[in-house]
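Peer 1: Take the sequence shown: its position 297, counted from the start at 1, is 297 in the working numbering, and no numbers get skipped.
No wet-lab data here; the hints were simulated from the structure.
Simulated crosslink set (DSS-like; lysine-lysine; CA at most 27 Å straight-line): (1) Lys308 / Lys275; (2) Lys43 / Lys104; (3) Lys187 / Lys104; (4) Lys270 / Lys308.
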Amino acid sequence: MKKLIAGLIFAFVGSATLLYLSPAAQLASLQLIERQRAGLSLKQISVGDLSIHYYEGGPSSAQTILMVHGFAANKDNWLRFARHLSQDYRVIALDLPGFGASDKPAGSYDVGTQTERLASVIDALGIEQLHLIGNSMGGHISALYAARSPHRTHSLALLDNAGITSPQPSELMQRLQRGEPNPLVVKSPEDFQRLLDFIFVQPPYLPESLKGHFAEQAIANSAHYDQVFAHLIERYIPLEPELPKIQAPTLIIWGAEDRALHVSSVEIMKPLLRKPSVIIMADTGHAPMIERPQQTADHYRTFLQAQKPGA
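With these hints in hand, go ahead and build the complete structure from the sequences.
Peer 2: Below, the structure written as C-alpha coordinates:
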(Lines of atoms letter the chains of each structure in order from A; the text may use other names.)
(Lines give C-alpha, C1' and ligand atoms only; values in the text may rest on other atoms or scores of the structure.)
Protein backbone atom coordinates (compact mmCIF):
# COMPACT_ATOMS: atom_id res chain seq x y z
CA MET A 1 0.00 0.00 0.00
CA LYS A 2 2.82 2.40 0.84
CA LYS A 3 4.38 1.79 -2.57
CA LEU A 4 1.04 2.44 -4.27
CA ILE A 5 0.50 5.72 -2.40
CA ALA A 6 4.06 6.82 -3.11
CA GLY A 7 3.59 6.00 -6.78
CA LEU A 8 0.36 8.00 -6.98
CA ILE A 9 1.98 10.99 -5.27
CA PHE A 10 4.97 10.73 -7.60
CA ALA A 11 2.70 10.61 -10.65
CA PHE A 12 0.59 13.58 -9.45
CA VAL A 13 3.54 15.77 -8.58
CA GLY A 14 5.26 14.77 -11.79
CA SER A 15 2.22 15.63 -13.91
CA ALA A 16 1.86 19.01 -12.27
CA THR A 17 5.54 19.77 -12.71
CA LEU A 18 5.44 18.88 -16.41
CA LEU A 19 3.33 21.96 -17.15
CA TYR A 20 6.28 24.22 -16.32
CA LEU A 21 9.07 22.38 -18.10
CA SER A 22 10.59 22.75 -21.55
CA PRO A 23 9.47 20.11 -24.10
CA ALA A 24 12.78 18.24 -23.72
CA ALA A 25 12.43 18.24 -19.94
CA GLN A 26 8.78 17.23 -20.23
CA LEU A 27 9.78 14.26 -22.34
CA ALA A 28 12.53 13.23 -19.92
CA SER A 29 10.10 13.44 -17.00
CA LEU A 30 7.44 11.43 -18.81
CA GLN A 31 9.99 8.78 -19.75
CA LEU A 32 11.03 8.55 -16.10
CA ILE A 33 7.42 8.16 -14.96
CA GLU A 34 6.72 5.48 -17.58
CA ARG A 35 9.94 3.63 -16.70
CA GLN A 36 8.97 3.68 -13.03
CA ARG A 37 5.51 2.32 -13.83
CA ALA A 38 7.00 -0.40 -16.05
CA GLY A 39 9.66 -1.32 -13.49
CA LEU A 40 12.45 -0.71 -16.00
CA SER A 41 15.85 0.93 -15.66
CA LEU A 42 17.90 2.68 -18.33
CA LYS A 43 21.12 0.83 -19.18
CA GLN A 44 23.97 0.88 -21.67
CA ILE A 45 26.35 -1.76 -22.99
CA SER A 46 29.31 -1.63 -25.37
CA VAL A 47 29.06 -4.16 -28.20
CA GLY A 48 32.23 -4.06 -30.27
CA ASP A 49 32.68 -0.38 -31.05
CA LEU A 50 28.98 0.43 -30.58
CA SER A 51 27.23 1.91 -27.56
CA ILE A 52 23.80 0.28 -27.21
CA HIS A 53 21.13 1.75 -24.92
CA TYR A 54 18.26 -0.28 -23.54
CA TYR A 55 15.68 -0.65 -20.78
CA GLU A 56 15.76 -3.65 -18.47
CA GLY A 57 13.59 -4.79 -15.59
CA GLY A 58 11.88 -7.72 -13.97
CA PRO A 59 13.32 -10.69 -12.08
CA SER A 60 16.86 -11.42 -13.25
CA SER A 61 16.23 -15.17 -12.84
CA ALA A 62 13.08 -15.15 -14.98
CA GLN A 63 12.81 -15.96 -18.68
CA THR A 64 13.93 -13.09 -20.92
CA ILE A 65 11.71 -11.16 -23.31
CA LEU A 66 13.65 -9.02 -25.81
CA MET A 67 11.63 -6.29 -27.56
CA VAL A 68 12.72 -4.90 -30.95
CA HIS A 69 11.21 -1.65 -32.25
CA GLY A 70 10.42 -0.67 -35.81
CA PHE A 71 11.63 1.87 -38.36
CA ALA A 72 12.25 5.44 -37.13
CA ALA A 73 11.28 4.32 -33.61
CA ASN A 74 13.06 3.44 -30.34
CA LYS A 75 12.80 1.53 -27.07
CA ASP A 76 10.15 3.91 -25.67
CA ASN A 77 7.60 2.25 -27.95
CA TRP A 78 7.48 -0.68 -25.52
CA LEU A 79 7.13 1.12 -22.17
CA ARG A 80 3.37 0.88 -21.67
CA PHE A 81 3.30 -2.65 -23.07
CA ALA A 82 6.19 -3.80 -20.88
CA ARG A 83 4.56 -2.74 -17.62
CA HIS A 84 2.14 -5.68 -17.98
CA LEU A 85 4.98 -8.22 -18.26
CA SER A 86 7.90 -7.06 -16.13
CA GLN A 87 6.63 -8.55 -12.87
CA ASP A 88 7.01 -12.09 -14.22
CA TYR A 89 9.66 -11.82 -16.94
CA ARG A 90 13.06 -10.24 -17.41
CA VAL A 91 12.21 -7.55 -19.95
CA ILE A 92 14.74 -5.88 -22.24
CA ALA A 93 13.77 -3.22 -24.79
CA LEU A 94 16.68 -1.91 -26.82
CA ASP A 95 17.50 0.91 -29.18
CA LEU A 96 18.73 -0.80 -32.33
CA PRO A 97 21.98 0.58 -33.78
CA GLY A 98 21.08 3.71 -35.72
CA PHE A 99 18.03 4.55 -33.57
CA GLY A 100 17.22 6.21 -30.28
CA ALA A 101 20.24 6.80 -28.05
CA SER A 102 22.33 3.98 -29.55
CA ASP A 103 25.26 4.73 -31.84
CA LYS A 104 24.67 5.27 -35.56
CA PRO A 105 27.44 3.24 -37.21
CA ALA A 106 28.61 3.84 -40.73
CA GLY A 107 27.58 1.16 -43.17
CA SER A 108 24.36 -0.58 -44.00
CA TYR A 109 21.08 -0.77 -42.10
CA ASP A 110 19.56 -3.57 -44.13
CA VAL A 111 17.74 -6.28 -42.21
CA GLY A 112 20.56 -8.81 -42.61
CA THR A 113 23.15 -6.46 -41.14
CA GLN A 114 20.85 -5.40 -38.31
CA THR A 115 20.12 -9.05 -37.51
CA GLU A 116 23.85 -9.66 -37.13
CA ARG A 117 24.09 -6.63 -34.85
CA LEU A 118 21.13 -7.90 -32.82
CA ALA A 119 22.85 -11.28 -32.43
CA SER A 120 25.96 -9.50 -31.11
CA VAL A 121 23.85 -7.58 -28.57
CA ILE A 122 22.18 -10.79 -27.40
CA ASP A 123 25.60 -12.41 -26.98
CA ALA A 124 26.94 -9.39 -25.10
CA LEU A 125 23.95 -9.47 -22.73
CA GLY A 126 24.63 -13.13 -22.02
CA ILE A 127 21.19 -14.31 -23.10
CA GLU A 128 21.15 -18.02 -23.91
CA GLN A 129 17.41 -18.44 -24.52
CA LEU A 130 14.86 -15.72 -25.17
CA HIS A 131 11.33 -14.84 -26.09
CA LEU A 132 11.71 -12.43 -29.02
CA ILE A 133 9.07 -9.86 -29.99
CA GLY A 134 9.35 -7.28 -32.76
CA ASN A 135 7.19 -4.69 -34.48
CA SER A 136 7.35 -3.71 -38.17
CA MET A 137 11.03 -3.60 -39.21
CA GLY A 138 11.84 -5.01 -35.78
CA GLY A 139 9.57 -7.95 -36.55
CA HIS A 140 11.42 -8.55 -39.82
CA ILE A 141 14.73 -8.56 -37.93
CA SER A 142 13.33 -10.77 -35.15
CA ALA A 143 11.97 -13.33 -37.60
CA LEU A 144 15.29 -13.50 -39.42
CA TYR A 145 17.13 -13.98 -36.12
CA ALA A 146 14.72 -16.77 -35.10
CA ALA A 147 15.31 -18.49 -38.45
CA ARG A 148 19.09 -18.23 -38.10
CA SER A 149 19.26 -19.05 -34.36
CA PRO A 150 16.45 -21.54 -33.71
CA HIS A 151 18.29 -23.09 -30.76
CA ARG A 152 18.19 -19.79 -28.84
CA THR A 153 14.68 -18.62 -29.68
CA HIS A 154 12.16 -20.00 -27.19
CA SER A 155 9.25 -18.16 -28.81
CA LEU A 156 8.68 -15.46 -31.41
CA ALA A 157 6.01 -12.76 -31.58
CA LEU A 158 5.58 -10.61 -34.68
CA LEU A 159 3.53 -7.41 -34.53
CA ASP A 160 2.65 -6.08 -38.02
CA ASN A 161 6.04 -7.25 -39.27
CA ALA A 162 7.74 -6.23 -42.48
CA GLY A 163 9.33 -8.70 -44.89
CA ILE A 164 6.26 -10.19 -46.59
CA THR A 165 4.84 -9.39 -50.03
CA SER A 166 1.19 -9.14 -49.07
CA PRO A 167 -1.53 -10.29 -51.51
CA GLN A 168 -3.12 -6.88 -51.15
CA PRO A 169 -0.58 -4.02 -51.30
CA SER A 170 -0.67 -1.67 -48.35
CA GLU A 171 -1.36 2.03 -48.69
CA LEU A 172 2.31 2.68 -47.96
CA MET A 173 3.44 0.43 -50.81
CA GLN A 174 0.94 1.99 -53.19
CA ARG A 175 2.11 5.50 -52.32
CA LEU A 176 5.76 4.61 -52.81
CA GLN A 177 5.02 2.91 -56.13
CA ARG A 178 3.33 6.13 -57.30
CA GLY A 179 6.47 8.06 -56.39
CA GLU A 180 4.86 9.91 -53.49
CA PRO A 181 6.86 10.99 -50.40
CA ASN A 182 7.39 8.34 -47.75
CA PRO A 183 4.79 9.05 -45.02
CA LEU A 184 7.06 7.38 -42.43
CA VAL A 185 9.75 10.06 -42.82
CA VAL A 186 8.91 13.46 -41.33
CA LYS A 187 10.17 16.48 -43.24
CA SER A 188 7.91 19.19 -41.75
CA PRO A 189 5.89 19.79 -38.58
CA GLU A 190 2.70 19.00 -40.51
CA ASP A 191 4.17 15.65 -41.56
CA PHE A 192 4.34 14.54 -37.93
CA GLN A 193 0.58 14.79 -37.40
CA ARG A 194 0.06 13.04 -40.71
CA LEU A 195 2.41 10.28 -39.51
CA LEU A 196 0.39 9.80 -36.32
CA ASP A 197 -2.83 9.60 -38.32
CA PHE A 198 -1.21 7.11 -40.71
CA ILE A 199 0.16 4.78 -38.04
CA PHE A 200 -2.75 4.78 -35.59
CA VAL A 201 -6.52 4.47 -35.77
CA GLN A 202 -6.65 6.47 -32.54
CA PRO A 203 -3.34 8.32 -32.06
CA PRO A 204 -2.18 8.48 -28.43
CA TYR A 205 -2.69 11.84 -26.79
CA LEU A 206 0.30 14.17 -26.94
CA PRO A 207 0.44 17.78 -25.69
CA GLU A 208 1.14 20.21 -28.52
CA SER A 209 4.52 21.09 -27.00
CA LEU A 210 5.61 17.46 -27.14
CA LYS A 211 4.24 17.03 -30.65
CA GLY A 212 6.43 19.92 -31.74
CA HIS A 213 9.43 18.42 -29.95
CA PHE A 214 8.93 14.99 -31.53
CA ALA A 215 8.48 16.64 -34.92
CA GLU A 216 11.77 18.54 -34.51
CA GLN A 217 13.60 15.33 -33.60
CA ALA A 218 12.10 13.46 -36.55
CA ILE A 219 12.97 16.27 -38.98
CA ALA A 220 16.54 16.35 -37.67
CA ASN A 221 16.84 12.60 -38.36
CA SER A 222 15.02 12.63 -41.70
CA ALA A 223 18.14 12.28 -43.89
CA HIS A 224 19.31 9.33 -41.79
CA TYR A 225 15.88 7.68 -41.98
CA ASP A 226 15.80 8.18 -45.75
CA GLN A 227 19.14 6.36 -45.94
CA VAL A 228 17.98 3.53 -43.67
CA PHE A 229 14.77 3.06 -45.67
CA ALA A 230 16.76 2.97 -48.91
CA HIS A 231 18.96 0.21 -47.46
CA LEU A 232 15.87 -1.77 -46.41
CA ILE A 233 14.48 -1.58 -49.95
CA GLU A 234 17.70 -1.98 -51.95
CA ARG A 235 19.00 -4.91 -49.86
CA TYR A 236 15.65 -6.46 -49.11
CA ILE A 237 15.56 -9.95 -47.60
CA PRO A 238 12.17 -11.64 -48.09
CA LEU A 239 10.87 -13.62 -45.14
CA GLU A 240 8.92 -16.18 -47.18
CA PRO A 241 11.95 -18.53 -47.56
CA GLU A 242 12.98 -17.93 -43.92
CA LEU A 243 9.74 -18.64 -42.06
CA PRO A 244 9.85 -22.45 -42.51
CA LYS A 245 13.24 -22.44 -40.75
CA ILE A 246 11.71 -21.03 -37.55
CA GLN A 247 11.30 -23.79 -34.96
CA ALA A 248 9.77 -21.68 -32.20
CA PRO A 249 6.05 -21.20 -31.57
CA THR A 250 5.17 -17.93 -33.30
CA LEU A 251 2.45 -15.44 -32.44
CA ILE A 252 1.34 -13.05 -35.18
CA ILE A 253 -0.55 -9.97 -34.02
CA TRP A 254 -1.78 -7.56 -36.68
CA GLY A 255 -3.82 -4.38 -36.58
CA ALA A 256 -6.79 -4.82 -38.91
CA GLU A 257 -6.52 -1.17 -40.02
CA ASP A 258 -2.76 -1.14 -40.62
CA ARG A 259 -2.05 1.24 -43.52
CA ALA A 260 1.72 0.66 -43.57
CA LEU A 261 1.76 -3.15 -43.89
CA HIS A 262 -1.41 -4.86 -45.02
CA VAL A 263 -3.05 -7.46 -42.81
CA SER A 264 -3.29 -9.87 -45.78
CA SER A 265 0.40 -10.65 -45.09
CA VAL A 266 -0.92 -13.10 -42.50
CA GLU A 267 -2.37 -15.25 -45.30
CA ILE A 268 1.15 -15.80 -46.61
CA MET A 269 2.84 -16.27 -43.24
CA LYS A 270 0.58 -18.71 -41.46
CA PRO A 271 1.07 -21.71 -43.80
CA LEU A 272 4.85 -21.22 -43.78
CA LEU A 273 5.25 -21.34 -39.99
CA ARG A 274 5.53 -24.59 -38.03
CA LYS A 275 3.63 -23.44 -34.94
CA PRO A 276 1.63 -20.30 -35.73
CA SER A 277 -0.99 -18.47 -33.69
CA VAL A 278 -2.76 -15.46 -35.19
CA ILE A 279 -4.65 -12.55 -33.62
CA ILE A 280 -6.14 -9.76 -35.73
CA MET A 281 -6.96 -6.71 -33.59
CA ALA A 282 -9.95 -4.68 -34.72
CA ASP A 283 -9.78 -0.88 -34.92
CA THR A 284 -6.00 -1.01 -34.54
CA GLY A 285 -3.21 0.32 -36.73
CA HIS A 286 0.46 -0.44 -37.28
CA ALA A 287 1.71 -0.43 -33.66
CA PRO A 288 -0.67 -2.40 -31.41
CA MET A 289 1.69 -2.28 -28.41
CA ILE A 290 1.38 1.53 -28.41
CA GLU A 291 -2.24 1.96 -29.44
CA ARG A 292 -3.64 -0.86 -27.29
CA PRO A 293 -0.83 -1.80 -24.87
CA GLN A 294 -2.80 -3.74 -22.27
CA GLN A 295 -4.89 -5.69 -24.77
CA THR A 296 -1.79 -6.54 -26.80
CA ALA A 297 0.08 -7.57 -23.66
CA ASP A 298 -2.84 -9.77 -22.56
CA HIS A 299 -2.72 -11.60 -25.91
CA TYR A 300 1.04 -11.98 -25.61
CA ARG A 301 0.92 -13.21 -22.01
CA THR A 302 -1.66 -15.85 -22.94
CA PHE A 303 0.65 -17.00 -25.73
CA LEU A 304 3.67 -17.15 -23.40
CA GLN A 305 1.78 -19.09 -20.77
CA ALA A 306 0.82 -21.66 -23.38
CA GLN A 307 4.52 -22.36 -23.94
CA LYS A 308 5.10 -23.46 -20.33
CA PRO A 309 5.54 -27.19 -19.69
CA GLY A 310 2.21 -28.80 -18.94
CA ALA A 311 0.20 -25.89 -20.38
